[in-house]
Each structure stands twice: as structure tokens, then as C-alpha cells.
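Could you put the whole structure together from the sequences, leaning on the hints where they help?
Residue numbers (our numbering), protein chains in the order written: chain A, 13 to 305; chain B, 13 to 305; chain C, 13 to 305; chain D, 13 to 305.
Be aware that one or more of the hints could be misleading.
[Stated by the list, open to error] For each label pair, taking beta carbons as the anchor points, the in silico distance ranges come out as:
| id | chain 1 | residue 1 | chain 2 | residue 2 | range |
| --- | --- | --- | --- | --- | --- |
| 1 | B | Asp49 | D | Lys89 | 48 to 58 Å |
| 2 | C | Gln236 | D | Gln98 | 43 to 53 Å |
| 3 | B | Gln236 | D | Asp215 | 55 to 65 Å |
| 4 | B | Gln174 | A | Lys228 | 23 to 33 Å |
| 5 | B | Ser135 | A | Lys228 | 18 to 28 Å |
| 6 | D | Lys89 | C | Gln236 | 47 to 57 Å |
| 7 | B | Lys137 | D | Gly124 | 55 to 65 Å |
| 8 | B | Asp215 | A | Arg37 | 25 to 35 Å |
| 9 | C | Gly207 | B | Gly21 | 30 to 40 Å |
| 10 | C | Gln236 | B | His90 | 51 to 61 Å |
No lab work stands behind these hints, which were simulated from the structure alone. All values reported here derive from a predicted model rather than from experimental measurement. All C-beta atoms in this analysis are idealised placements derived from N, C-alpha and C, irrespective of residue type, glycine included.
Number of protein chains: 4
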Amino acid sequence: MDIGFLGLGIMGKAMAMNLLRHGFRVTVWNRTLSRCDELVEHGASVGETPAAVIKRCKYTIAMLSDPSASHSVVFDKHGVLEEICQGKGYIDMSTVDGNTSSNISEAITKKGGLFLEAPVSGSKKPAEDGQLIILAAGEKALYDEIFPAFEVMGKRSFFLGQVGNGAKMKLVVNMIMGSMMSAFSEGLVLADRSGLDQQTLLDVLDLGGMANPMFKFKGPAMIQRSFPPAFPLKHQQKDMRLAVALGDEHAVSMPVAAAANEVFKRARSMGLGDNDFSAVYEAVKNPDGATQM
Amino acid sequence: MDIGFLGLGIMGKAMAMNLLRHGFRVTVWNRTLSRCDELVEHGASVGETPAAVIKRCKYTIAMLSDPSASHSVVFDKHGVLEEICQGKGYIDMSTVDGNTSSNISEAITKKGGLFLEAPVSGSKKPAEDGQLIILAAGEKALYDEIFPAFEVMGKRSFFLGQVGNGAKMKLVVNMIMGSMMSAFSEGLVLADRSGLDQQTLLDVLDLGGMANPMFKFKGPAMIQRSFPPAFPLKHQQKDMRLAVALGDEHAVSMPVAAAANEVFKRARSMGLGDNDFSAVYEAVKNPDGATQM
Amino acid sequence: MDIGFLGLGIMGKAMAMNLLRHGFRVTVWNRTLSRCDELVEHGASVGETPAAVIKRCKYTIAMLSDPSASHSVVFDKHGVLEEICQGKGYIDMSTVDGNTSSNISEAITKKGGLFLEAPVSGSKKPAEDGQLIILAAGEKALYDEIFPAFEVMGKRSFFLGQVGNGAKMKLVVNMIMGSMMSAFSEGLVLADRSGLDQQTLLDVLDLGGMANPMFKFKGPAMIQRSFPPAFPLKHQQKDMRLAVALGDEHAVSMPVAAAANEVFKRARSMGLGDNDFSAVYEAVKNPDGATQM
Amino acid sequence: MDIGFLGLGIMGKAMAMNLLRHGFRVTVWNRTLSRCDELVEHGASVGETPAAVIKRCKYTIAMLSDPSASHSVVFDKHGVLEEICQGKGYIDMSTVDGNTSSNISEAITKKGGLFLEAPVSGSKKPAEDGQLIILAAGEKALYDEIFPAFEVMGKRSFFLGQVGNGAKMKLVVNMIMGSMMSAFSEGLVLADRSGLDQQTLLDVLDLGGMANPMFKFKGPAMIQRSFPPAFPLKHQQKDMRLAVALGDEHAVSMPVAAAANEVFKRARSMGLGDNDFSAVYEAVKNPDGATQM
Numbered sequence: 013m014d015i016g017f018l019g020l021g022i023m024g025k026a027m028a029m030n031l032l033r034h035g036f037r038v039t040v041w042n043r044t045l046s047r048c049d050e051l052v053e054h055g056a057s058v059g060e061t062p063a064a065v066i067k068r069c070k071y072t073i074a075m076l077s078d079p080s081a082s083h084s085v086v087f088d089k090h091g092v093l094e095e096i097c098q099g100k101g102y103i104d105m106s107t108v109d110g111n112t113s114s115n116i117s118e119a120i121t122k123k124g125g126l127f128l129e130a131p132v133s134g135s136k137k138p139a140e141d142g143q144l145i146i147l148a149a150g151e152k153a154l155y156d157e158i159f160p161a162f163e164v165m166g167k168r169s170f171f172l173g174q175v176g177n178g179a180k181m182k183l184v185v186n187m188i189m190g191s192m193m194s195a196f197s198e199g200l201v202l203a204d205r206s207g208l209d210q211q212t213l214l215d216v217l218d219l220g221g222m223a224n225p226m227f228k229f230k231g232p233a234m235i236q237r238s239f240p241p242a243f244p245l246k247h248q249q250k251d252m253r254l255a256v257a258l259g260d261e262h263a264v265s266m267p268v269a270a271a272a273n274e275v276f277k278r279a280r281s282m283g284l285g286d287n288d289f290s291a292v293y294e295a296v297k298n299p300d301g302a303t304q305m
Numbered sequence: 013m014d015i016g017f018l019g020l021g022i023m024g025k026a027m028a029m030n031l032l033r034h035g036f037r038v039t040v041w042n043r044t045l046s047r048c049d050e051l052v053e054h055g056a057s058v059g060e061t062p063a064a065v066i067k068r069c070k071y072t073i074a075m076l077s078d079p080s081a082s083h084s085v086v087f088d089k090h091g092v093l094e095e096i097c098q099g100k101g102y103i104d105m106s107t108v109d110g111n112t113s114s115n116i117s118e119a120i121t122k123k124g125g126l127f128l129e130a131p132v133s134g135s136k137k138p139a140e141d142g143q144l145i146i147l148a149a150g151e152k153a154l155y156d157e158i159f160p161a162f163e164v165m166g167k168r169s170f171f172l173g174q175v176g177n178g179a180k181m182k183l184v185v186n187m188i189m190g191s192m193m194s195a196f197s198e199g200l201v202l203a204d205r206s207g208l209d210q211q212t213l214l215d216v217l218d219l220g221g222m223a224n225p226m227f228k229f230k231g232p233a234m235i236q237r238s239f240p241p242a243f244p245l246k247h248q249q250k251d252m253r254l255a256v257a258l259g260d261e262h263a264v265s266m267p268v269a270a271a272a273n274e275v276f277k278r279a280r281s282m283g284l285g286d287n288d289f290s291a292v293y294e295a296v297k298n299p300d301g302a303t304q305m
Numbered sequence: 013m014d015i016g017f018l019g020l021g022i023m024g025k026a027m028a029m030n031l032l033r034h035g036f037r038v039t040v041w042n043r044t045l046s047r048c049d050e051l052v053e054h055g056a057s058v059g060e061t062p063a064a065v066i067k068r069c070k071y072t073i074a075m076l077s078d079p080s081a082s083h084s085v086v087f088d089k090h091g092v093l094e095e096i097c098q099g100k101g102y103i104d105m106s107t108v109d110g111n112t113s114s115n116i117s118e119a120i121t122k123k124g125g126l127f128l129e130a131p132v133s134g135s136k137k138p139a140e141d142g143q144l145i146i147l148a149a150g151e152k153a154l155y156d157e158i159f160p161a162f163e164v165m166g167k168r169s170f171f172l173g174q175v176g177n178g179a180k181m182k183l184v185v186n187m188i189m190g191s192m193m194s195a196f197s198e199g200l201v202l203a204d205r206s207g208l209d210q211q212t213l214l215d216v217l218d219l220g221g222m223a224n225p226m227f228k229f230k231g232p233a234m235i236q237r238s239f240p241p242a243f244p245l246k247h248q249q250k251d252m253r254l255a256v257a258l259g260d261e262h263a264v265s266m267p268v269a270a271a272a273n274e275v276f277k278r279a280r281s282m283g284l285g286d287n288d289f290s291a292v293y294e295a296v297k298n299p300d301g302a303t304q305m
Numbered sequence: 013m014d015i016g017f018l019g020l021g022i023m024g025k026a027m028a029m030n031l032l033r034h035g036f037r038v039t040v041w042n043r044t045l046s047r048c049d050e051l052v053e054h055g056a057s058v059g060e061t062p063a064a065v066i067k068r069c070k071y072t073i074a075m076l077s078d079p080s081a082s083h084s085v086v087f088d089k090h091g092v093l094e095e096i097c098q099g100k101g102y103i104d105m106s107t108v109d110g111n112t113s114s115n116i117s118e119a120i121t122k123k124g125g126l127f128l129e130a131p132v133s134g135s136k137k138p139a140e141d142g143q144l145i146i147l148a149a150g151e152k153a154l155y156d157e158i159f160p161a162f163e164v165m166g167k168r169s170f171f172l173g174q175v176g177n178g179a180k181m182k183l184v185v186n187m188i189m190g191s192m193m194s195a196f197s198e199g200l201v202l203a204d205r206s207g208l209d210q211q212t213l214l215d216v217l218d219l220g221g222m223a224n225p226m227f228k229f230k231g232p233a234m235i236q237r238s239f240p241p242a243f244p245l246k247h248q249q250k251d252m253r254l255a256v257a258l259g260d261e262h263a264v265s266m267p268v269a270a271a272a273n274e275v276f277k278r279a280r281s282m283g284l285g286d287n288d289f290s291a292v293y294e295a296v297k298n299p300d301g302a303t304q305m
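Here you go:
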């Protein structure tokens, strides 16, 4: 199967490599073309522009850094729109907002192309290991056709219905994640201040019904106050805000998520936005100096 | 090893049975003596009163329903205090508040006895399977001596230092649990109202970094609006309140736990106190009728 | 002074009438022209279109129902833009969002006109009595020139600097208002449930440092569960949301406003959006039926 | 009328002075007897002990610093209980918790005495000016008899029913006050960070429906970051906690008060407990340094 691949950042590179490794013929493009070299060594072809990639391939996947990059690659000169047409499919696996996704969907569809949004859950390591979770939405026929590629990049993919649902599902998941991380931080700080050993709390949690990989892997670093960014706090806070806004749209009252969002905002105002989102621990801990009762 | 066991409710019975099964000689007592019968069939002896059990055994474990039962069994006529003395150890595995625990500790110690509080994390099934998590605090020497019994009743035990720390650790754990459950409920409701399938959300969560037994086992029942009580909501809310109060004592600001506590209070005011604590889902969902934007 | 006036809804009519009463020559326009009749009886002239009004008057005030009406009256055919030019001033006193305001500002300025946004605080009665509070921002020279008209319509006007600041000030004020109303509701419900008389609470509050017209006038109706709309709840909730979003932009953590916003969302989901914003009381009160402890 | 007065702190002294000034014959007692001197100059007699005061007077008022002082003065040697008897009335105007109040009530009543709890709203200045708000509860007959003294000390007194209701009413009022102060602080910080002038916000608020003495008098000091203690923050936070606990007892969900309570806890943890409660502004403002978006 011939597949185009636009965007070779940390995630895109790992995903395209997995496609190559499993025998797909891949034509890659990246804004900085030199990032294509490693993939070429593993058998990829290079397209000069997004349009050139679309022209050559029946299916093209995009994995770009942000909504404006997703937009540019489609609408700019030499972009996707110039060559998309009936019989071709375009799958945007970037994380974008609802507006960007529906604008792209509309433009592609108008030209006769098929569109799928397919944001992923998981970061660098799962991307390399082909263990992403893929949240696809849009054209079901395209989902079925591209499924073999999804099987290679992810451990599981879901088809969620109409365009927009992929992004929404990701927001819901990240909202739960942010609230859990805030609650976990409050527990760690409470343990410490009331004279309990934090590592023991981690051990107890890991044995019970709440045991989960996030607490297990991030907890030990957090109590060392180390927050190497896997998912930056400012992005987590943005997702909390968008999830609360989604709740607003549907009149869903979410006091716990709203409270957690305000803690993340405090962390951001402390200059922690580029740390891992587990740095919300610092906002809960602070101030930890002279306590006057 | 001769071990006394006071209190044969759902938990106590399962725990005493595990002791018998692993070769301990157990002398049991229960307020309603007939509840001892099944254990006698499996080899237990019966003590007529708590005092009689203490007299016969070097170590006695108590597993009672609430703080006032824990208090009575020690201080009432024919109670523990009448026979406790140097060389004997008393281990209260009930969940009690700090005051009750320190009153008991003081009284036992004054008589020369050794004391350990050892509340457990886990309910009926883990008790039967010897898979409890034991949070012990008090006399370290007693902990070391009774350890073989803990190994039979639990999958792991912790020694947490001075009396009171066992109860505190349990509060911290339950506070995190309550906040997680509230956040999970908010996510499930948001998914539903914004047109996503709730079962798919459960599937997505179970594949990612937040996957945990609690979401996995309670989630499917929750979306069916079924909340058979494993841990009653009113008890969860009480623990949230006590955890927030513990934070108050140490000037720890915990906005997420406080928000979750208010949601549990709403659930309680809806008459859901005797349901499982996952019924907080109903308080988040409600009202779900005619929505006017 | 010749003043144009666009928009004769409840507010606009009262404001234009005050101008007439104080000797201003006023040329009015309204989408439904018949609403101009009463003002004509009091001496107003009528302009056929917004453009016609602008052409005739050096200064034109607009008081329209929502941002899209504000936008239309400027940009549509026969709109303000067709006749605005150097030497003319345009004052939009409607409540609009930042985007709409800056779009209008830019368009007016490009044509050489002067622009002022001047949203008001106060509803029907203060409009009739010339007791509005005017929050102006934009061109200071225009503010100084139109000041005599502001003096007639309001009890006080403020010049707040650059375009956008008028809208922001209104959001901050309304955010405090929404939080106060939520706290007041919680107090009323707590009083009732703990056996205190609600009217007595109102009396006590009215004697102390927190005494304010809002509690005084809305309180008695609230405890009767009567919420005739002066400021609709859905608009209050929208302002809470926008204020929280403004805080997000500037990384200001506002847990109290965020909590209040979620209570207003709950009220909206109960179908109370068109009631007065004091109906948030119902969301706090509910459920008030069978309480199980 | 002969009135005993126990406790001559800032409040008690001012209140006793008002009684003297209006012709009451007053017998005073204070733990440090020298504090009685000034009142003696104005005509007061001195009792050597609380018991001595009770013996001499038909009615005795107490105004003590905290619940434990209220307790001691009644139950200790030479305390109120030794001389209280049928025909005598005891009025405790201190702010105490429900337990202390009901213990005192019970003990007094058992001896045949009449009891009234009558906490006040208002601090030093209103005490001096006879402008307190008196929240009385207990024996209605005693309320009617002591009413002339209340008229001299307060601008208004309320009879609220059974013992405990005075303290509850005060908690409800202070809870609203704490939430309002938190919301006000959030508004002031939001104004500042989004480029608005804080003094202008105060001016706008003071003209509208939310205008109240508290905002008016504390606002200007707050924006100067000056918080001279009229009502210490740690006491305000304690009252928030007790009000939330009262809500817990009656299953009233109060998310706004709970959120405000956590902000006060943060302020306390910053070492602001002895400042005025308006210092919660600092907890909202902080951190205000390098903001990273």
C-alpha cells in the first residue's frame, strides 16, 4: 500500500518508521526536508511538497505540531488541496481543535476527497513501539481502508463517528487525566505535611484498586520534584480549559475539573508551563515554607 | 501461634478463616456468638468475652464495625482492658478515627500491653483472598511479632510509625479515590452529553496511562446506573470530609478534594448514601432532563 | 448638540428619551421603524437607515441587543461605514465581545471616524432615571466631546483607556456579582436547612458590613422562589465563562469564580436560563427532598 | 438594673462602658483585675470572682475571648456555677462553638438559672458606638428581660430560638462574608492583570447594586496591600471551616464556600493568619512574578 506522510517530528518520524518496517511504501514530506534523510535510508521516497505527496499516493497521513501547521499544509500554496480529488483519502492524526478539523474536512470533501481526523493518545515511546491509541472520526469507508496502517502504528484504534468526535474524546480523556494528577498531587502533599512517607503512599496506591501506570511512573519523579516534559503542563491546562468549555456548550457542570483547571492555571502562572504536567504538584505544594496556624 | 480474634463481620470472618487455614490456632469472639459457629467448624475455639480471649492469647486482633464498637470492646465490662498486661499485644484492624485509636492505645499501654492500629485497604473479596493492604502503626516490636499473621491476611503490610499514621494514610488514599471517582464521573457525563459513546471512553481509558482496576470494574456498572455497595457513598464522603479536615489542620489547600467532597455531599442529599460511592455519578449526571441553553 | 441614536429597545428608548428631555436634538433609527413613533412625539427626527443618521449627525450612539446587531448596523448595506468620516464620532454602548468591538473600532478608524465603546452597568430602571454607569474606552477626545450626553444618561461615566477595556471592566464586575449571588444562595440554603429563618438572615445581613442593594432587593423574592428576569441567568453564566477565560489568558487562578460558574451551569442545565440570575438559588437548593444522612 | 459583666477585653470593655453610660449599675470582673480600673472610674463595682458577680447580680453578661475561657469562667472554682440559681440569668455574648454553648446551657439550667447565648456581629468600633448586631438564642423570657441592655449595646438584636442558633447564624453570615471577600479579591487581581485600574473597579462597584461597606472600606487598603487586623484571617478561615462542616451535617453542598475556604487555607499557609481576613487577596494575587504562558 502506498502511503504519504506529512510531518516528521518526534511522533511523525516514529510512526512513519513503523509503516516502513511493516512493508508499506511511504512517501514523506517535512517542512525541513533534511529530517526526511533517516527515513529515506529505510526505504522512504520524498515528496517535494504536500501537493506532490498527495498526487503520488492514494492515502496521505499528516502528523503536524499544531492546528496552524495542520491548516497551512492543506490550504497554503503547494498544499494538500491542490491535488486532493475523488479516490484519495487524507488522514490528519495531529491534535487540532474542532474548528480547524471541520474546516479541513469541508475543504477536502468539497474536492471529492475522503477525510478522517485521527488524533492519538500516547507520546514518543508508544509511537516508536506502535502502541498508540488512535481516535478516528469522519469517513467510515476511509477508516476501513486505512485500518492496516492504524494496526501498525497503534495497539488499538476506534472509529468514533462524525468529524470532531476524535478531538472531543481526547479532551474528555485528558480532562480526567488532569483531575487525577491534581488529586494525586494533593494526596502527596497532604501525606508529607501530616507526617507520612510519600514513597509509602506510592507503594500503597500501587497495590490497590487505583493502581495505574501514570501514578507508578510519574510519582517517584514528582516527590523528587523532577518534571521532565512528556506532556507539557501548558498543553494539559489548555485541554482542561477546552474540556470545561465543551461542558459549557452542553451545560454539564464539572466542579472537580474546573477546580483542577484553576490549579493548573496557578502552576502556569508560577512559570511551570513548559514542565511536565505533573509539575502541578508544585502549585499544590507551594507555599511550603513558614506555616503559621 | 495462638491468636485471638474479636469481631466476625464480613471482613473479620474472612480474615480469621485465613488464619485458621494457614495453621494458626485462633480463639474467636463475636457479640452475637452464633456467628462463631462456622469458624469453630474449621477449628477455632471460642472465648466468652473479649477479656477471656485476651487472657488465653498472647496476641489479639480486633476487626469491628465502627469506632464505638472498637471503644466498647476495650473499655466495657469484660473488655480487653481487664486482662491486657505486659507480654500481650493488641492489634485493632478496624477503621477508627484518631481520637478513638489514641484513647485505646493509651489505655493498653498503661496496663503494660503493646498496641498496634492496623486498618486495611480492601473489602470483602481481598479479605477472603488474603489480599488486603495493611496499614499498621504503633509498637514496632509488636508489628514484627504479628507479621506472620499479616502475611496470611494481606498481600502487603506497611509499618507507618506512630499510632494515628495508619488512619491518616487510609484517609489520604481514600481522598485520592474519591476525587478520581468524581473526575471519572464528570468525564462519563461529558462524553455522553457531547455525543460520545461511554463504553468507548471506558475502552480508551483502559488502554492508556490511567488504566486502573477501579475504572475497569466500576465503569460498566456505572453507565448502567447500577451501584451495588462495595464501599458506601456516605462512608466515602465521611473520609473526604476527614481528609479535608486533616488538610485544614496542616494548612494544606486542597481545592480539588474540596470540590469533590461537595459533589459527594450533593449525592448524599439525593438519598444515595447507602449506594456504592460510584453513585456520585448520579449527582454529576443530574439533572439530565430538559436542557435549556 | 445633534446626536444620532441607533437602536430603540428597552434600554435605547429610555436613554434617547433622556437626551431629548435635556434638550439634545436627536435623530433616531430602529430596525422596526414604528418603535420610533413615541420618540418622534417627544421631538426626535427619524433617519431611514444607520447611514442616513450618521450623515446627519456629528455624533451617533448605538444601543443594540447583541454583538451581531452591533456588527450589522456598521457593516451591512446602508450601514454606519458608508457615511462615517473624519470629524464624526461613533459610540457603541451595547454590550459586545472584544472581537466585535475591535473590528468595529478598526473599520471606523480606517475611514477617519472616532470610536468609543461604552457599555453600561444597570438595567431598565437606571436607564429611565439617567442613573446608568458608563464604562467608556477608545478615543479620549471623543469621550470628552460626548461627555454632556453621558451626564444625562448616567450617574457616572468612566474613561478606561484603550478599546476593549470597557468590556473587560464589565466582565470583572459581573464575575464578582455572580460569585456573590452564588455565595448568598449557599448561605440562604444553609440557613434554611440548619433551622434558621431566612428572612432573619436577610435582616442580619442588611444591618452589617455586607449590606448591599442586590441582597436587599433580590433576597425577599428569592426565598419566595420568585425570579423575574432583570438580568437573565444565561447571560450571567456567559459573563462568568468569559471572565474565567479572561483569567485564563492572563494566568489568573480564580477558584471561587470557577466554582460559581459551575453552579450557574447546573442552573442552566435545570432549564433556568431565562429566569433572573438569582435563580441560581434553585441549583443550590436542589435537591431539597428526601435527605438521607 | 444591676448587671454583672465578665470579661473586659476590647469588646467587653466597650460594651460595659455603654451600659454604665446609660445608667445601668454594673459589677465587673476580669481575669486581670487591673483592667477593671477604668470602668470603676466610670462608676462600676468590682467582683472578686465570677461567682461573686453572679451572687450580687440578677443578670450577668460574659464577653470572653474564646470557647475555653467561656468554659472556665462557668465551670472552674469560684465560677458562675457556684452561685447561679433560680431567678438569675446568664448571657454569654462570646463567640463559642455549639458544644461549649450547649454544655454551659445545660449546666446553668440544671441549677435553675436562665441562659442565653448572644454572639455579636461587629468589632471594636460598633462595640464602642453601641451599634452591634446581637444574635440571641435560648430562653425567650431572659431575652425579654435583658432587652434594655441589648438596646444600649447594639443597634439591633434578634431572638433566634433554641440555644445554638445564635452561633449558627453567625457562621452563615461569616461564610457569606468570606466567599464575598474571596470573590472580591479575584476581581481585583483579574482587573490588575488584564490592564484595568483597581481603584476604578472600586469606584464602579461602589456605584452599583453590589455596593457595600466592606468593599468600600477594605478595598482601598487591599490594593495598597495593607491588612490591619479587624477580623483575623485565621478566625475567618475557622468560621468557613465550621460553616462547611455545618453544611456537611445537613447535606448541603456548598461548592463556592468550599472553594473560598481552600483559598483562605492557602493564605494561612502563607503565614497570613494574623492579618485581617482581607489578606486573602495575597493568596489570590500570589504568585505575581514572572508569568510564563
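Run the structure past the numbered hints and jot down the numbers of the failing ones, going up. Result: no hint breaks.
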